[in-house]
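So the protein lines, in turn, are chains A, B and C.
The numbering of the first sequence is this note's numbering, which starts it at 1267 and goes up by one.
The numbering of the second sequence is this note's numbering, which starts it at 1331 and goes up by one.
The numbering of the third sequence is this note's numbering, which starts it at 88 and goes up by one.
Calculated directly from the structure, the hints in this document are not laboratory data.
We put the beta carbon where it would ideally sit given N, CA and C, even for glycine.
A few of these clues could be false.
Covered, in the sense of this in silico footprint (three residues per stretch, anywhere, with C-beta under 8 Å from a C-beta of chain A), are these stretches of chain C [stated by the list, open to error]:
| hint | stretch |
| --- | --- |
| 1 | 122-130 |
| 2 | 139-145 |
| 3 | 230-236 |
Some chain B residues judged to face chain A by a derived CB distance under 7 Å, without partners named [to be verified]:
| hint | residue |
| --- | --- |
| 4 | Gln1343 |
| 5 | Ile1383 |
| 6 | Trp1386 |
| 7 | Leu1396 |
| 8 | Arg1483 |
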Amino acid sequence: MTDYKDSDTDMREERINALLDGELDDEQAEQLKREAMGDQALARSIIEAYQLQRAMEGMRVEKAPASLRRRLKRIPREQRPAYLQPGWVTAFAVVPLLVIAVALMQRRAPEPSPAPSQPREPTAAEVAQARQDLAVAFAYIDRVGERAGNEIELELAGEMTDAVAGSVFRTIQHQKIL
Amino acid sequence: MSREYRQWVRDYQDQAWNLARYLLKDASEAEDATQEAFVKLWNHREEIDPGSIRPWLMRVTRNHCLDRLRRRRPEQEFVGYETVEERDPMHGAEQSELGNWLQRAIKGLKEPYRTLVVLRDIQQHSYEEVAGVTELSLTQVKVYLHRARKQLREQLAEVRP
Amino acid sequence: MKRFLIALFCTTLALPAVAQEDALRDLPGFVDFGGLNEIYGEPKVNISIGGALLRFVGAMAKNEDPEAAAIFSKLKGVRVSVYATGGNAAAALDQVSSVKKSLSALQWAPIVQVNDEGEQVQIFMKMNGEVMDGLTLMAVDDEEAVFINVIGQLDPNELAGLMDDFDVDIGGGLDINVD
Chain A
1267 MTDYKDSDTD
1277 MREERINALL
1287 DGELDDEQAE
1297 QLKREAMGDQ
1307 ALARSIIEAY
1317 QLQRAMEGMR
1327 VEKAPASLRR
1337 RLKRIPREQR
1347 PAYLQPGWVT
1357 AFAVVPLLVI
1367 AVALMQRRAP
1377 EPSPAPSQPR
1387 EPTAAEVAQA
1397 RQDLAVAFAY
1407 IDRVGERAGN
1417 EIELELAGEM
1427 TDAVAGSVFR
1437 TIQHQKIL
Chain B
1331 MSREYRQWVR
1341 DYQDQAWNLA
1351 RYLLKDASEA
1361 EDATQEAFVK
1371 LWNHREEIDP
1381 GSIRPWLMRV
1391 TRNHCLDRLR
1401 RRRPEQEFVG
1411 YETVEERDPM
1421 HGAEQSELGN
1431 WLQRAIKGLK
1441 EPYRTLVVLR
1451 DIQQHSYEEV
1461 AGVTELSLTQ
1471 VKVYLHRARK
1481 QLREQLAEVR
1491 P
Chain C
88 MKRFLIALFC
98 TTLALPAVAQ
108 EDALRDLPGF
118 VDFGGLNEIY
128 GEPKVNISIG
138 GALLRFVGAM
148 AKNEDPEAAA
158 IFSKLKGVRV
168 SVYATGGNAA
178 AALDQVSSVK
188 KSLSALQWAP
198 IVQVNDEGEQ
208 VQIFMKMNGE
218 VMDGLTLMAV
228 DDEEAVFINV
238 IGQLDPNELA
248 GLMDDFDVDI
258 GGGLDINVD
């Protein structure tokens, strides 16, 4: 973009846009409107400018897709330097939190009693469908566990950074920028 | 700090994505560029003035988009601008014909006109913020925006009776 | 006539799922999540598998994987409901709060409770002495509300191993590989 110095057209456009943006005082606005009454081209420009402004104000800001939202939420975890991750935080990142938390609270279950006899044997199709459904169920269990792990990891790691390595971390970041 | 970051994601992901879509026209590339901007935001979060997060983020998003545009081969022209909504058969019932036309017209503007129109007229950033994002002076922003709007008005006059 | 037959066929298909859900209600590890259909419409995922079917799934794998068969024999039910919240998580968050109160009153132990603006993750466990009767997971954000209830004796280490056998990607859609 080369010369942006005002030409006559630019000056006229500037006044029209200033009118739209509410930047003209009452006297200046009235002056412009008086000019428009005697200048069809100016009047048309002002009307079209208002129409365009209303049209663009009505345009929606497109919502970010779900895939992007998930990627943005994962950034803090993915960006954490390895030296700030002690073993047990890494463990939370690797294993679903659900598994760890429940394992800590539960002792080994006793041997199950024999399965009762079934009134009706499911069809092969029903069993196949059940396997598909179980796959989906496990995927959601994994996802919920991972989300819980992420949230706790963020909070704990944040506290760790502030309490233990905050100043050191910031120094290293400054050096990276320079 | 992670809570603040999550709030920034909620507050600004749509606008950053929106700008990237208008600039790159390709959804997948726009996602990548937006993610790169938020990675930078996370990595530099301690240095940014909390009151300037939005313009900072939009500037970085735009810069990442412009870098990608410069790296594109000439034959990689993206002619269509198909939003998620436009693939929905019901979309036509909701979005006006004028809105559809405007989207296409805006994507046809050259830089920095396109960014200025998206930031000021669609996303309603202040002139000062727009100047900060585009690294132009306030005067430059206003003059270029005037020219962009004039171009759009003239195109609109041609298609409307 | 055709419409009547189609309606009858659909009703017949639905009966086994309803019957499975009814059979689970009396189990101590069962959790009633209430209904969000009126607000979010039909759930995008609605799974209810009873003990009988789970045992058959395990029995099919018995020769190749006796451990999996043993795990399945201890499970009495797996229930999953997932709603698309479409940016409006308020109703689902209210439902989670309501279920939380019920679970606390019924002596379920909270394992994980994550509360953030517009998002929640809640995990509860029901113990009966040394044995676990059930596991409940609830996760809500502006994209979806997930309600999971696993009923039966559950060893989490065994569950992790079982989950490894099911390779799924539910990120954008449902892309499932089952060994």
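Hint check results:
1. For the stretch 122-130 of chain C, the stated coverage by chain A is violated: 0 residues have a C-beta nearer than 8 Å to a C-beta of that chain, whereas at least 3 were required.
2. Counting residues of the stretch 139-145 of chain C whose C-beta sits closer than 8 Å to any C-beta of chain A gives 6, which meets the bar of three, so the coverage hint holds.
3. Beta-carbon proximity to chain A at under 8 Å applies to 3 residues in the stretch 230-236 of chain C; the threshold of 3 is reached and the given coverage holds.
4. The beta carbon of glutamine 1343 of chain B is positioned within 7 Å of a beta carbon in chain A (closest approach about 4 Å), and the interface hint is therefore held.
5. Hint status for isoleucine 1383 of chain B relative to chain A: violated, with the closest Cβ pair at about 14 Å, above 7 Å.
6. Violation of the interface hint for tryptophan 1386 of chain B is found here, the shortest Cβ-Cβ separation to chain A being roughly 14 Å, above the 7 Å cut-off.
7. Annotation: interface hint on leucine 1396 of chain B violated; nearest CB of chain A at approximately 13 Å, more than 7 Å.
8. At its closest, the beta carbon of arginine 1483 of chain B sits 4 Å from a beta carbon of chain A; the interface hint therefore holds under the 7 Å criterion.
When held up to the earlier numbered hints, the structure conflicts with 1, 5, 6 and 7 and fits the remainder.
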